[in-house]
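For reference, the chains in residue letters:
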Amino acid sequence: MKGLQLKAIPVTLFGLTLAITVAAVALSLGLEPLYDTLLYALLGLTLGAAGAVVASQHPRNRIGWMFLGLAILNVLADLAQGWGLRAAEQGWPGGAAGDWIQTWSWMPTGLGWVLIFLLFPDGRLISRRWRFVPWCAALALVLGVPGRSLSPDRDPEFASGSNPLAVEALPTDALMAVGMTLHLVAALGAVVALVVRLRRSHGVERQQLKWFALAATIAVVVLSLSFALWDHSALIRVLAALSLTSLPIAACVAILRYRLYDIDVVISRTLVYGALTVALAAAFGATTLVLGAALGSGSAWTTAAATLVVATAFRPLRARLQDAVDRRFNRARHAALERIAGFLEDLRAGRAAPERIEELLRDILADPRLELRFFLPESEVYVDANGRAATDPPGDGRERTAIGRAGAPLAMVIHGPAGEGGPEGLPQVVEAAGLAIEIARLRVDLRRHLDEVKASRARLVAAGDEERRRIERDLHDGAQQRLVSIGLALRHAQHELNGASPSAGHALEGAVAEIAVAIEELRELARGVRPAQLDAGLAPALRELAGRAPLRVEVAATAERFPHGVEAAAYFVASEGLTNAIKHARASRVVLRAAPGDGRLVVSVADDGVGGARASDGSGLAGLSDRVIAQGGALSIESDPGTGTRLTAELPCGW
Amino acid sequence: MRVVIAEDQVLLREGLGRLFVDGGHEVVASLGDADRLVATVTGHRPDLVLVDVRLPPTFTDEGVRAAKEIKEIHPDVGVLVLSQHVETTHVVSLVPLAGFGYLLKDRVLEVGEFLASAERVAQGGSALDRQIVARLVSPGGGSDPLGELTERERDVLELMAEGLTNAAIARRLYLSARTVETHVRHLLMKLDIPEGEDGHRRVLAVLAHLSATQSQY
Chain F
7 MKGLQLKAIP
17 VTLFGLTLAI
27 TVAAVALSLG
37 LEPLYDTLLY
47 ALLGLTLGAA
57 GAVVASQHPR
67 NRIGWMFLGL
77 AILNVLADLA
87 QGWGLRAAEQ
97 GWPGGAAGDW
107 IQTWSWMPTG
117 LGWVLIFLLF
127 PDGRLISRRW
137 RFVPWCAALA
147 LVLGVPGRSL
157 SPDRDPEFAS
167 GSNPLAVEAL
177 PTDALMAVGM
187 TLHLVAALGA
197 VVALVVRLRR
207 SHGVERQQLK
217 WFALAATIAV
227 VVLSLSFALW
237 DHSALIRVLA
247 ALSLTSLPIA
257 ACVAILRYRL
267 YDIDVVISRT
277 LVYGALTVAL
287 AAAFGATTLV
297 LGAALGSGSA
307 WTTAAATLVV
317 ATAFRPLRAR
327 LQDAVDRRFN
337 RARHAALERI
347 AGFLEDLRAG
357 RAAPERIEEL
367 LRDILADPRL
377 ELRFFLPESE
387 VYVDANGRAA
397 TDPPGDGRER
407 TAIGRAGAPL
417 AMVIHGPAGE
427 GGPEGLPQVV
437 EAAGLAIEIA
447 RLRVDLRRHL
457 DEVKASRARL
467 VAAGDEERRR
477 IERDLHDGAQ
487 QRLVSIGLAL
497 RHAQHELNGA
507 SPSAGHALEG
517 AVAEIAVAIE
527 ELRELARGVR
537 PAQLDAGLAP
547 ALRELAGRAP
557 LRVEVAATAE
567 RFPHGVEAAA
577 YFVASEGLTN
587 AIKHARASRV
597 VLRAAPGDGR
607 LVVSVADDGV
617 GGARASDGSG
627 LAGLSDRVIA
637 QGGALSIESD
647 PGTGTRLTAE
657 LPCGW
Chain G
93 MRVVIAEDQV
103 LLREGLGRLF
113 VDGGHEVVAS
123 LGDADRLVAT
133 VTGHRPDLVL
143 VDVRLPPTFT
153 DEGVRAAKEI
163 KEIHPDVGVL
173 VLSQHVETTH
183 VVSLVPLAGF
193 GYLLKDRVLE
203 VGEFLASAER
213 VAQGGSALDR
223 QIVARLVSPG
233 GGSDPLGELT
243 ERERDVLELM
253 AEGLTNAAIA
263 RRLYLSARTV
273 ETHVRHLLMK
283 LDIPEGEDGH
293 RRVLAVLAHL
303 SATQSQY
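Chains as they are written, first to last, in the working numbering: chain F, 7 to 661; chain G, 93 to 309.
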């Protein structure tokens with residue numbers, strides 16, 4: 007309820023401003039130049055609108071209310087002026103009152119501007135030391151208004167030709183002189199206050215002040231020019247009104263923080279195009295002058311040539327000016343953008359890893375706590391550069407700025423607050439680095455997927471190993487034992503027969519022999535599935551493997567134990583390598599090695615055979631490679647013809 | 093011969109029991125696990141304990157651990173370990189002991205030979221499965237002291253390791269007893285083993301040592 011009431015006040019005041027403006031325009035219309043009427047009406051309405059918007063959004067900020075007050079003062083002055091003009095024309099009474107208000111109304115308006123300059127953007131003084139400025143302005147008003155309005159010197163400003171309120175006895179000149187001096191001091195103080203604020207500010211406040219200061223600078227320049235050119239050019243009077251109008255607009259943008267960071271672009275463009283206009287005008291003038299002397303003034307050729315010069319110079323000149331402006335006024339940003347451009351160049355040339363972008367941003371923006379979080383569209387989570395899901399609890403004193411690309415979220419910058427030495431120019435820097443961030447994001451995404459694939463492959467292999475172990479157990483402890491039991495039963499039957507039936511005894515003998523063969527076959531089968539010796543360790547398993555080989559096999563194996571998957575992979579490498587040596591290499595001697603080192607287990611099978619083996623030769627080696635890679639390892643084959651074959655697998659055993 | 097059997101599978105346990113009974117021996121106790129094995133052995137003082145390597149609860153090396161304990165407490169009781177497959181790691185330290193044997197389970201089907209091995213072990217001799225002996229004498233490691241042996245000497249060594257007497261070796265290899273004795277003398281010399289009555293066990297000691305040093309890389 008209270009909020010509604012509070013919001014109603016600015017709207018009401020703006021409505022009042024509008025009503026007065028309409029009245030003032032109606033009164034003045036046709037009695038002074040049209041632009042005068044409309045532009046000052048526009049100024050009043052702009053002040054009122056800006057004030058109303060700011061006051062309703064930020065009712066605690068005095069600036070909005072001050073703009074509203076200033077608007078009403080302005081339009082009241084317009085109304086008084088209009089009344090004076092219309093009354094003189096129509097012969098209405100009270101025209102002199104309008105004229106009289108007109109003589110001094112600019113003074114409270116000036117006070118309003120002083121206060122706004124002094125208090126922008128938060129409505130508070132920089133410090134108590136600056137309190138003298140508003141006092142000074144108020145005193146100037148108290149002395150200046152009577153000094154001006156009661157002076158007989160104002161007679162020409164009245165339609166009647168005389169100031170009806172003139173008081174000869176008053177030392178109006180002295181009052182006016184003191185008042186104007188105080189007014190100037192206050193105005194100067196306000197400008198200095200703005201400059202001091204600008205120099206001390208950083209972050210958001212700096213951007214806000216930049217907006218206002220830009221408009222103020224333009225206004226000051228245009229108003230200074232207008233003093234000199236007021237009577238010569240209507241254009242300058244239009245510009246003066248427009249430049250004043252730009253002040254509330256700038257203030258409004260700054261306080262509402264709408265496109266706050268565009269100010270740097272606006273300043274840069276203003277400077278560049280201002281300088282460009284001057285330079286091109288000079289070039290045009292100089293060309294016209296030189297060629298005019300040669301070809302005679304007024305020649306169409308001269309104009310054409312000058313135009314050509316200007317047209318040709320436009321683009322290169324603009325680029326140079328832009329560069330110069332960036333260098334001079336935005337050195338830090340310029341350097342930052344150049345570093346990012348250099349980084350992108352390195353990226354293109356393959357000299358830099360895209361992941362370094364986080365480090366670079368940290369460095370450029372001088373924010374050691376800055377971190378990048380990449381958005382993964384598939385799982386819709388933010389992850390860090392290592393692909394781990396980001397858990398950054400809010401409330402660590404850092405701010406989050408989302409980065410998008412083509413409308414989709416791309417990443418998030420977590421950085422120190424902009425207000426306290428935090429990253430200034432973050433949006434521009436991040437925009438420039440967008441490509442690198444996108445590439446880094448893609449790589450993170452890819453890595454995450456690869457990690458998932460690796461993990462699932464390792465799980466598959468582990469599950470396969472477990473299954474082999476189970477089958478091996480089943481064969482040994484189930485089928486094989488059962489066969490032995492049956493064999494024993496047959497032997498018992500044989501014993502019971504006690505030679506009573508030689509043919510039955512014979513048959514039983516044959517059956518037992520069959521059973522013995524079956525058991526041996528089962529044992530071989532189980533060993534192929536998974537050597538039981540692996541339970542005892544890699545070294546015994548390798549020695550068992552060597553012991554069954556039909557050629558001389560030396561084993562040098564560590565007695566250390568490793569994770570099951572690593573031992574199994576190492577065993578199968580040795581087994582496959584040995585099989586190859588036996589089948590294809592025509593080797594006479596094989597050396598099996600298994601040595602730990604550097605967090606890895608290195609297994610090698612070296613023979614003295616004919617060499618020339620290739621991984622693509624047999625699916626055995628290819629399958630082996632898959633198994634080794636599933637453990638995060640690498641398999642290599644050295645096998646030049648005539649030098650034997652060496653199969654080496656390096657298996658990380660940290661996991 | 094009085095026998096204690098520790099085997100978890102009922103059918104096999106019964107089959108083994110019958111085997112010994114058929115062979116004229118006495119089975120004084122049969123158990124399904126290793127828990128009370130030592131206590132049973134202490135109570136019955138059998139001539140032979142027959143024990144499966146894999147026993148409940150983990151089915152890894154319970155049998156071997158029980159065998160070790162029995163040999164420590166009752167060195168005079170013969171222990172014959174049965175296994176489904178060849179494994180040297182667990183048993184290598186037991187190999188040189190008197191009255192110890194280690195055979196693959198399906199050897200029981202060769203009844204005569206199996207009972208002979210069992211009796212040998214019960215009497216303080218040894219019985220190693222030929223596959224295990226092959227493993228122990230197989231080349232491996234850098235220096236192979238067995239490399240100096242002739243093929244014949246190696247054959248004799250393997251049979252010695254299996255636990256056969258010189259006479260049995262002679263029969264098995266179709267050699268004269270004298271020739272076998274000569275081979276034994278030569279191989280003991282080459283392996284740096286002083287000649288003595290207990291040549292067999294010394295051979296086993298050497299093999300066990302070789303195997304152990306291999307394990308240590």
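Where hints are given, some of them may not hold.
What the hints assert, rightly or not - Covered stretches of chain F, going by a simulated chain G footprint (3 or more residues, C-beta under 8 Å):
1. 21-28
2. 495-502
3. 517-524
4. 527-534
5. 546-559
No lab work stands behind these hints: they were computed from the structure.
Don't be surprised by glycine CBs; every beta carbon is placed ideally from N, CA and C.
Hint check results:
no.: 1; hint: 21-28; verdict: violated (count 0)
no.: 2; hint: 495-502; verdict: holds (count 4)
no.: 3; hint: 517-524; verdict: holds (count 3)
no.: 4; hint: 527-534; verdict: holds (count 3)
no.: 5; hint: 546-559; verdict: holds (count 7)
Against the hints set out earlier in the document, a violation occurs for number 1 only.
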